[in-house]
Structures are given as C-alpha cells and as structure tokens.
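S.K.: Input sequences plus hints: build the corresponding full structure.
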Amino acid sequence: MTRESESGLPVEPVYGPDALLGWDPAEQLGEPGAYPFTRGVHPSMYTGRPWTMRQYAGFGTAAESNARYRRLIAHGTTGLSVAFDLPTQMGHDSDAPLAHGEVGRVGVAVDSLDDMRVLLDGIPLEKVSTSMTINAPAAPLLLLYQLVAEEQGTAADRLTGTVQNDVLKEYIARGTYIFPPRPSLRLTADVFRYCRAEIPRWNTISISGYHMAEAGASPAQEIAFTLADGIAYVRTAIAAGMDVDAFAPRLSFFFVARTTLLEEVAKFRAARRIWARVMREEFGARDPRSLMLRFHAQTAGVQLTAQQPEVNLVRVALQGLAAVLGGTQSLHTNSFDEALALPTDGSARLALRTQQVLAHETDVTSTVDPFAGSYAVERMTDDVEGAALALMRRVEDLGGAVAAIEHGFQKGEIERNAYRIARETDSGERVVVGVNRFRLDEEEPYEPLRVDPAVEARQAERLAGLRARRDRRAVEAALSALGRAAEGADNVLYPMKEALRARATVGEVCDALRAVWGTYVPRDAF
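Residue numbers for the sequence shown follow my numbering, so the first one is 594 and each next one is one higher.
Hints listed in this document are in silico derivations from the structure and should not be mistaken for laboratory results. Hints should not be assumed to be uniformly reliable.
Claimed, not checked - Cβ pair distances, simulated, as ranges:
1. R882 to A1061: 47 to 57 Å
2. A1047 to R596: 50 to 60 Å
3. R664 to E620: 28 to 38 Å
4. A667 to D611: 48 to 58 Å
5. E1040 to E624: 27 to 37 Å
6. G877 to A1047: 33 to 43 Å
7. G877 to V1028: 41 to 51 Å
8. H668 to F1031: 27 to 37 Å
9. R882 to A1047: 42 to 52 Å
10. P717 to A1061: 29 to 39 Å
11. E954 to D1083: 39 to 49 Å
Ideal Cβ positions, reconstructed from N, Cα and C, are used throughout, including at glycine.
M.R.: Here it is, written out as structure tokens:
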C-alpha cells in the first residue's frame, strides 16, 4: 500500500534499483563538498568536526538572558542564538503603548546600547558565534552588537555570526514586519553592503523556511518558498550594483527538522541541489562558496505537545538526528517543555545534551553522507525537488517572490496545507502520541518558567533614565540624518550606527524609517 509523505508525495513500501532508472549519480550526487552539493557543502562534513551547537535563548531582561547564556556556554554550547521579545521584533521600545503586556515574554527586551551591553557582558565576542533571530529591525540590532564589540576591544572583522534579516518570510508566515516589502528589500541590500565592507565574516541573512513550516508548510513548500525568497534577495543585491560572488558566500538558510526523518533528509539534499543550480545557471556565480546552501536547523516546535511533554524528548532527538543526517551546519534542539512555556535551565541543558549525545555517542559523525545511494532517500530527494521546483515556477509566473507575496500566494498555499494537517489530526488519520492516541486520563503537574511581570516597569525606568542622560540634540540630529539617507539612496546603516551610538533607541530608529517608508498593511490571501 502506497502512503503519502508530509508533502503529499507517494512513499512506496519497497524501493529498488528501478526507483532510480535514468538516474545519473554524477549529475544528481557528485562528491561531498562539490557541485551540486547534494551530499553536503564540505568534503569531510562531521568527520572533521561536528556541527555548531546553538541554543536559542532570551527572556525577560538583558541581565537574566546574559546569565542563561553564560550557563549555556559553561555547559558546552558553541554558538549563541538570541531570542528577542515581540516589541523589539516589531521595532517598538518597551515603554511604547503597543508593547504593553509583551515586554520580555517571548524573548529578551533590547531597547538601546545599554541593554545590549548588559546582554553581552562577559561573553568573549571574538570567540563565540552569535545568531540573532531578528528581521525587520535586524540592522539596528546588528549595529548594537558591533558597537558593544568595539567597546570590548573586538574589531568588527573578527566577529562571526548571523543576523536573520529575512523579512520576506514575515509577510508569508510570521507577521513581525514593519515596512512594506520593497523598502525592506532596500534595507536588506544595505546590510549586505555594510557587512561586506565592515563585518566581512558575518552571515548577512538567514533565509528562513522554519517559520513557514511552523505555520503549516509542507517540506516541499518550505524549501520552494524559502529558495524563492533567496532568489529575490540575490536579485535585489545585484540590482543595487553588487557582484554576486561578493555577497552570495555569506548567505545562509534556516530550516525546520521534523520527525519524518527520511523526507527531512531528502528535503535538505534537494534544497542544496536546487540552490547550487540556480546560483550557477541563473546568476552565473563562479565562486564555489556562492553555490553552497549552508543552513541552520531547528527542531520542530510545532510538533511539540503540551500533553505528556516528556514525550517531546523523543521527538527532539529524532528531529535532531534528521538535521544531522541531512547535513546541517548548526543546530538548535528545542526543550521538551516549550509547548508549555519558556524552557527552564534544566530543560535547556537537556536539549543541549541531546546534541552532544548525537555528536559523541553515535556513529553518525564517522562517515560523510551515510544515506547516499539509498534507493528510498534518493527517490524521495528527486520527488521533493520536483515538487519544490513546480511551486517555484508558480511564484515566478506571478512575477517573483515579492509579487507573489502581494498576491497572497505563499500564505494561501501554506494555510491550505495547515488546514489539511489539522483535519487529519482531528480525524485520527494523523497520529499524534498523547494528543489523539495513547492519552492519559490525567496529566502530571508541571511548573513552567514564568517571566516576572515587573520586567516591563523596569525597562520603562531604564528608558526614562537613558533619555534623561543622553544629549537630546545629538540624538535628534542623528535621527534626522538617518531620515535623509532613507529618503535618498545612501546606505542607511552608517547614519543609523551614529544614532545608536548617540543613544537613540531601537524604537526611535525604526520610527525614523517608518516616517519615510511607511508601514505594511497586508491583504488577505486568496
């Protein structure tokens, strides 16, 4: 009996040589570290060293998050991943009326240079790779990070990390956008140019399918819409006068890792192959690094359950294994209690230990690409690739990623798939352990981590003190210069950095851009 994959593609009970009839290993596979990078972006992959183990963390105040980061580093984390609260993600200060009730809830509140100093206190920025999950206000948060590094005596050319900076997926799946798509793309290109000149080792964007998957995208939709966004960013940078090989090596991607291990491995392999061909054939990239799809993976938060949360330990281990077998460059493993609340210290440590077991107690790091040549995985890779390319052609037919967003295409496709998943779960056709099968009559009690509601008041006090101490005229002059750059064609990051150095807040910087570019009002998906 034929089953269907998460992408709705047929999965046969048995695969044999006939599954790969007409299949050219040299064309489809190649060697690890070589075009088309199906088998991974590095020749040795994890046989040389394991992936970067990141833990996504941030809550409450900068001081509380800093303490969590220090503990994670002490436990063996090799890369930090900063979660910002919703007001920061939307470019609002903690004392703004729209921020009320959300300060410090789903991430750390960072309003100014003072907060970033506290957040990074005692962390050796020249040694730690930092990823910041921030999109619409990515530029000011990156500049705050650079300013703190300079104060610590670390030159910008020694900094390594990633800023997510992927605003297109916000219009598709997540909603934390500020400006309309076209000025947002201009800001993205300014970040590319700025980092090329000032922070050359920094990854300037993490083009994200993760949040699309969390909203309900299938694996094929996830890579199709993510790579379509990537194409839009490349076109924007080229239109701004940049050579493709000057910025493409610093592009990176961010995908989900689900429990459906075989299709996830196939998805990652297909994504690398598609991207390599697009960069070589459409954009004429010559630098091999421009052809490499390097990605960070995070285990699937949407698959975690509040019911019997300890079962999430098994889910996260399987999801992490899928990411590793698929060739991720870095990995965040979710904590088992994240369906209930922010993770506790103990659960965050256990999530890190899951990665360490995969790296040091299994044999998955002993050989490169252990699934290569598998009849099932290679056929599934071809199937996912074909489905993704068909969706990418539909995006192109609408005029590209931005035009398709304006038509509501990607959002509508994802919502239809999310409805299909919900319907299958409700009917029992899709089994979710502890939710619609194998339930308990009574759940065991669990005490989640709670954010102190006084965080908002304390952040407001810090802002009031900042505004009283700073040179008001210098701030106003710097924000005016930022507005003039936004009206013209100059790179806005240079005046933005000076405004932040003068103690302008993240909200004030974003307000200066809102005054010129406006804000985005979505249309309903069709």
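S.K.: For each hint, tell me whether it holds in the structure or not.
M.R.: Verification of the supplied hints:
In this structure, R882 and A1061 meet the distance hint of 47 to 57 Å, their C-beta atoms being roughly 48 Å apart. With their beta carbons about 52 Å apart, A1047 and R596 fall inside the hinted range of 50 to 60 Å. For R664 and E620, the hinted distance range of 28 to 38 Å is not satisfied, since their beta carbons lie about 48 Å from each other. Between A667 and D611 the Cβ separation comes to about 53 Å, which falls inside the hinted range of 48 to 58 Å.
Remark: the range hint 27 to 37 Å for E1040 to E624 is contradicted by a beta-carbon distance near 51 Å. Under the hint 33 to 43 Å, the C-beta atoms of G877 and A1047, about 56 Å apart, miss the expected range. The given range of 41 to 51 Å is respected by G877 and V1028, whose C-beta atoms sit roughly 49 Å from each other. Range check, H668 to F1031: about 32 Å between beta-carbon atoms, so the 27 to 37 Å window is met.
Under the hint 42 to 52 Å, the C-beta atoms of R882 and A1047, about 48 Å apart, fit the expected range. Taken as a hint, the range 29 to 39 Å holds for the pair P717 and A1061, whose Cβ atoms sit roughly 33 Å apart. Under the hint 39 to 49 Å, the C-beta atoms of E954 and D1083, about 53 Å apart, miss the expected range.
Checked against the numbered hints listed earlier, the structure breaks hints 3, 5, 6, 11; every other hint is satisfied.
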